[in-house]
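Residue numbers (this note's numbering), protein chains in the order written: chain A, 1 to 811; chain B, 812 to 1622.
Take these hints with a grain of salt, some might be off.
[Unchecked claim] Here are the simulated lysine-lysine pairs, DSS-like style, with alpha carbons at most 30 Å apart:
1. A:K652 x B:K1455
2. B:K1113 x A:K298
3. B:K1275 x B:K901
4. A:K302 x B:K1106
5. B:K1455 x A:K295
6. B:K1455 x A:K644
7. B:K916 x A:K90
8. B:K1463 x A:K644
9. B:K914 x A:K302
10. B:K916 x A:K644
11. B:K914 x A:K223
12. A:K770 x B:K916
If you are wondering where the hints come from, they were derived from the structure by calculation, not from laboratory data.
Protein chains: 2
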Amino acid sequence: MDNRGFQQGSLNSFRSSSSDEDLMDIPGTAMDFSMRDDVPPLDGEIEGKDKSYNGGGIGSSNRMMDFLEEPIPGVGTYDDFNTIDWVREKSRDRDRHREITNKSKESTWALIHSVSDAFSGWLLMLLIGLLSGSLAGLIDISAHWMTDLKEGICTEGFWFNHEHCCWNSEHVTFEDRDKCPEWNSWSQLIISTDEGAFAYIVNYFMYVLWALLFAFLAVSLVKVFAPYACGSGIPEIKTILSGFIIRGYLGKWTLIIKTITLVLAVSSGLSLGKEGPLVHVACCCGNILCHCFNKYRKNEAKRREVTTHGLNSLSFGESLSGTTLGMRIWGLYVSYYFPLKTLWRSFFAALVAAFTLRSINPFGNSRLVLFYVEFHTPWHLFELVPFILLGIFGGLWGALFIRTNIAWCRKRKTTQLGKYPVIEVLVVTAITAILAFPNEYTRMSTSELISELFNDCGLLDSSKLCDYENRFNTSKGGELPDRPAGVGVYSAMWQLALTLILKIVITIFTFGMKIPSGLFIPSMAVGAIAGRLLGVGMEQLAYYHHDWAIFNSWCSQGADCITPGLYAMVGAAACLGGVTRMTVSLVVIMFELTGGLEYIVPLMAAAMTSKWVADALGREGIYDAHIRLNGYPFLEAKEEFAHKTLAMDVMKPRRNDPLLTVLTQDSMTVEDVETVISETTYSGFPVVVSRESQRLVGFVLRRDLIISIENARKKQDGVVSTSIIYFTEHSPPMPPYTPPTLKLRNILDLSPFTVTDLTPMEIVVDIFRKLGLRQCLVTHNGRLLGIITKKDVLKHIAQMANQDPDSILFN
Amino acid sequence: MDNRGFQQGSLNSFRSSSSDEDLMDIPGTAMDFSMRDDVPPLDGEIEGKDKSYNGGGIGSSNRMMDFLEEPIPGVGTYDDFNTIDWVREKSRDRDRHREITNKSKESTWALIHSVSDAFSGWLLMLLIGLLSGSLAGLIDISAHWMTDLKEGICTEGFWFNHEHCCWNSEHVTFEDRDKCPEWNSWSQLIISTDEGAFAYIVNYFMYVLWALLFAFLAVSLVKVFAPYACGSGIPEIKTILSGFIIRGYLGKWTLIIKTITLVLAVSSGLSLGKEGPLVHVACCCGNILCHCFNKYRKNEAKRREVTTHGLNSLSFGESLSGTTLGMRIWGLYVSYYFPLKTLWRSFFAALVAAFTLRSINPFGNSRLVLFYVEFHTPWHLFELVPFILLGIFGGLWGALFIRTNIAWCRKRKTTQLGKYPVIEVLVVTAITAILAFPNEYTRMSTSELISELFNDCGLLDSSKLCDYENRFNTSKGGELPDRPAGVGVYSAMWQLALTLILKIVITIFTFGMKIPSGLFIPSMAVGAIAGRLLGVGMEQLAYYHHDWAIFNSWCSQGADCITPGLYAMVGAAACLGGVTRMTVSLVVIMFELTGGLEYIVPLMAAAMTSKWVADALGREGIYDAHIRLNGYPFLEAKEEFAHKTLAMDVMKPRRNDPLLTVLTQDSMTVEDVETVISETTYSGFPVVVSRESQRLVGFVLRRDLIISIENARKKQDGVVSTSIIYFTEHSPPMPPYTPPTLKLRNILDLSPFTVTDLTPMEIVVDIFRKLGLRQCLVTHNGRLLGIITKKDVLKHIAQMANQDPDSILFN
């Protein structure tokens, strides 16, 4: 985490270099798979990195290589942009645990160590809950305040936001809760009036100015200090949690910068949400706090577990404290990833986060009420038609959004556009702010807009959306019947329609810019607006034409037939489903929100239609599409591999290629091995009994091999180029005056996974997915034949799906 | 499913025979593992069984064995009491799917077939939802009616239950909702009065008589028609879903008999619940309806998927329609088992089931209200002490219950007791009924009792539990303050204490008898009673001693400090957690029921304490304990294997044993193979290149081998004992006049799983668990060394946990 300077440009530079290699160095045609496992070259920086990851220096390593107690530093760690080996990491954790348990019987000190080790998990959860809860609370409060800052300032104290400012004012009437003398718009401050065209222009100008300032600050901070802080972070987190390594992506600089820039980005009024970036922030908390505990610092698998806890803690925590709806959905989406055993801990961290959040932000509580809507009117079977229409809209919008957004992002990556992120952000912000200010629905924050759209009009609602005629006529039973729309509703409809168009267009260009940006809130807003428009339309249709055949059986005059708020909710679910394709969790959440069996069918109908429509136009959700765009090695857990290919079709070497590069267990010298290492770029080598028999003994990683040989040459007396490397348990007695041997059995993985060459690829994919493998060896009748890496599997899947196999960049 | 007669006794007879083998035939010591994979002997019944499972007869098989298009019937099926191979089953389904998809391009008919195949899943779900929903509704209504039948009968119509009977009566007052002239107790019918000691005795007598009659009918039906219908069925279903085969366990006879006897058992007043058996009923529905669809009938893995849908449909469905709480918890417990993709279908089936259930049983709706309690009083930090006490009670009770119940069940299996199930049931019923009648809390149905205990006393509650002094004094704000208990409450306390003792004792003997019996409701009742007792105690303590230091800071006089209903709920969660050890889902559910963040900490504290206490006294939940008691091969998904053993320590043959029995790929005659088959009982044989090289080619199943050879001898011209069996792709040209060869490559599994002998067992266990393997071959440096079966793994786990490894009976 301390070589931030190195990381800044590394993602891009490395990416381009490895793809160049893929295209240039291969003798075969473009159709042929890349022969290499793209390992970044080992340079001088490795030792520095290892130190920070291992805690110990090289000097402490043992001189007796034969009875090596302490592992050589660096052995067992990973390079940046590589995939971890879940099996190895889990084994290491279990070894560690066993060792501590065994030692605990020896002394009191060891016993205390053992207890504290067991307890550290809970302490870590407590810290994660506290940290992520506080950060979420801070972000919430600051974003609120800064959003209001664009419109004016509180004279009572500049640190009050609009709501707070008028909270304690005595001059507030119930009707105009938002207006109080303590709150001054910019025009009041500058030209001492809030009336007239000039005041409007001053406010307009200040609004745009603040937006540009916030956006500029956000993009500059991201660009200078933490390039990984941009975007939602979800594609990368999905990949990292599945076992990929991106150093610094969950580091402290990313955390700090992302927290600050998230507030700025949200306040700037751009069409983005804070849910995705908040997930990234929570994951950073989890990952950083891991470094305080030995147990977690050294184990990549354990770290990923804790990171998930961080994620869950914020998701559950926010949902418990009722802050945002989106987080809740996120929690469900990810929680099925890690074993059930650890759910307790997530839950605990979530509780802590929720309490922290509540105590920091006491007004967060009221949001629960905003989003929690209880509808009472039953829906009619006929209404399924508009609900399904909303589903189709959601699916179409989702597919369209993914396509255009990915196309735009690709353009950003490949053309000059990507070189001017600051200008891009400023232009988009300027357009958004200039178009947003005149329309009250675009000017208000998007989550406020959504809650207003979800809301069913009550007796006391003063919003324009509820400006019906005969507002105060209740039917028997106190229900508000369907009523003709008033002027307010009509003007609201127009404004909402304009808002819809703006949101649809601008979100495409916003998501993926070099600032933190989430997608939940904009998607839901699009759906909710469309739903509300349709809902009000249906309501008016039913009111004016209740004698039509489709209405007259169930909607008599003066009854409350149609609930526009429900339409908004259904629309939001449909759009969210279309973009993210996570339909089940969505329906469950929406079901909980509406709190009844009644509305599950509309929600389900819309969400399923949306998913089907969107799937028909493109298989991937937005996050998977971004994962593919970036070429990350992510093996989708759900997707079944449906083609009838065999392991031998995927393994390397291919039929016309030279033989597989192997090491023998007892006949190669240090020099031979070093030649193999320098002539190839494979990330590991199988070790066999002899080249003739090709009987597999084990697998050794390139990185471990290099470090061990280097180490042996430095420390071990007399290891020279002609020393023979033994991977066997006992080396034979040597005649005197031969150079000393180098025993490397300790770095040999003695249980490599093997499959036969006739194993169907569907089984191989299943093994890779379920066991989290990095590579798998292929045998035929007991002879070693080839190797399949995770990258090969991903390339094969891409090829079978008629996608470009070279889009998979990393191993 | 049609050889019911055979199945009746088979479970027991087979079980004893195989364990005898284990003890007698092994040359090594008792510590040594059994060498054999206990395969039941192949007898004449196999063909009959296969026919019913394959749909085709043997006569249809192809004469050209070399170019076998159609598989030999029987190849690819499993014996009873064996474990399926998930990898093979899934591959088969994918092959099938691919074939249909490919064919669909050829003709319109094939296209229709393909579409209907894709659609059949949804149709199946619809049917499952309808069937399981109807059955659940029927069971509910009948059990209600028959429970009331024990007390009296409705003169308006004998088919009305008590509530129904008085529903339409005009003579009912609000205070005495239960008393109406239309409802006649047995004493009123027989001696025309309801008063006096004699009437009481008549009612008492009739109550016991009906209970005995119901119990007798239930146990007789189970004994005669469907022995698998007894118990809760959950241990067996867990095992079956994990891939074990018990023919008839989910068959139509089991379904019919279990449905009928469940009603009888519940009505008889025994201390049992209907949730577990309902799950079994739903699974039967799923499994039986599978037989209507080709896609599902032939594939064991697919069938299991559908069975889970059946299970989920009922669980979710009931929870949606609000019938029972227990089902809801069940749904969560099992839903993490199968891939997320299929959750949609479960959900759909659940919706259908919920609607069916609602339309059948319109009064089921009111139950939701019974269990849904909204508490408003906040709890105080000090109250965590009683909550944790409840947790300890729950844990202790759970552990005690599991121990005594398992000990009693073991006694039933091993002694004479097991031979007289009818007498046992009658005795327990008689004791329960005789002790239950005088006490109103034992006389009412257990779910009614629980809802009464959960309920917080309102102004209008007329129950004895709410008989406080100053009943109608409300504090400011309309709250009911803590009040001194009246006579009713004191007598209720005594009766509840007696109920608690009775339930604790009698449930131990009830669960496991030869009638359908669930455990959710009795466990919750025990916890709820204990909780309510403690709650009322705390309430009175706080009322009379509000000046004590622990109370006076938060509980002023006249305030509503303590909610006894909350204590009941916490107690129920603790006891349920102690018995089943499924704490997380429990808390989530209870959290939903109470509907607020407020009560999640009490519930969590109690559930966690309960789990820790119970785990300290015994690792297993009740279902896992029963699985182990019955020796089923169930590999727990959560439990981590923490010992540092290697594959070579577990594999067979052991060091001193004779070599592994293998077949060679091209040098053994039919006679050689038949000798191997008759001399061993292994369920499969590895095929190697030659005995000298021990290079692995593949794995062939004993069952497939026997069927294929038998088939070849019957159908293929000239295959005799000296024919050579070839497992290779091409057999070499033979000199004339040698007997024709037999090619068996088509039954050879060419992609057997292998691990090296140095693979840690934790990884092996992980592979078995995640991939659903049946066996795995062990190699050393490319040479075949041994084999590990699922049974070996389970035995090894049992041995490492200091349990009897011979308790694992099946493979």
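Against the structure, the hints:
1. A:K652 x B:K1455: Distance of about 34 Å is beyond 30 Å: violated.
2. B:K1113 x A:K298: violated (41 Å)
3. B:K1275 x B:K901: violated (58 Å)
4. A:K302 x B:K1106: violated (41 Å)
5. B:K1455 x A:K295: holds (19 Å)
6. B:K1455 x A:K644: With a Cα-Cα distance of about 38 Å, the restraint between K1455 of chain B and K644 of chain A is violated, given a limit of 30 Å.
7. B:K916 x A:K90: violated (47 Å)
8. B:K1463 x A:K644: Not OK: K1463 of chain B and K644 of chain A at ~34 Å, beyond 30 Å, violated.
9. B:K914 x A:K302: violated (47 Å)
10. B:K916 x A:K644: holds (17 Å)
11. B:K914 x A:K223: Violated: K914 of chain B and K223 of chain A sit about 55 Å apart, past 30 Å.
12. A:K770 x B:K916: This hinted pair is violated, its Cα atoms lying about 33 Å apart.
Hints 1, 2, 3, 4, 6, 7, 8, 9, 11, 12, counting from the list given before, are not met by this structure.
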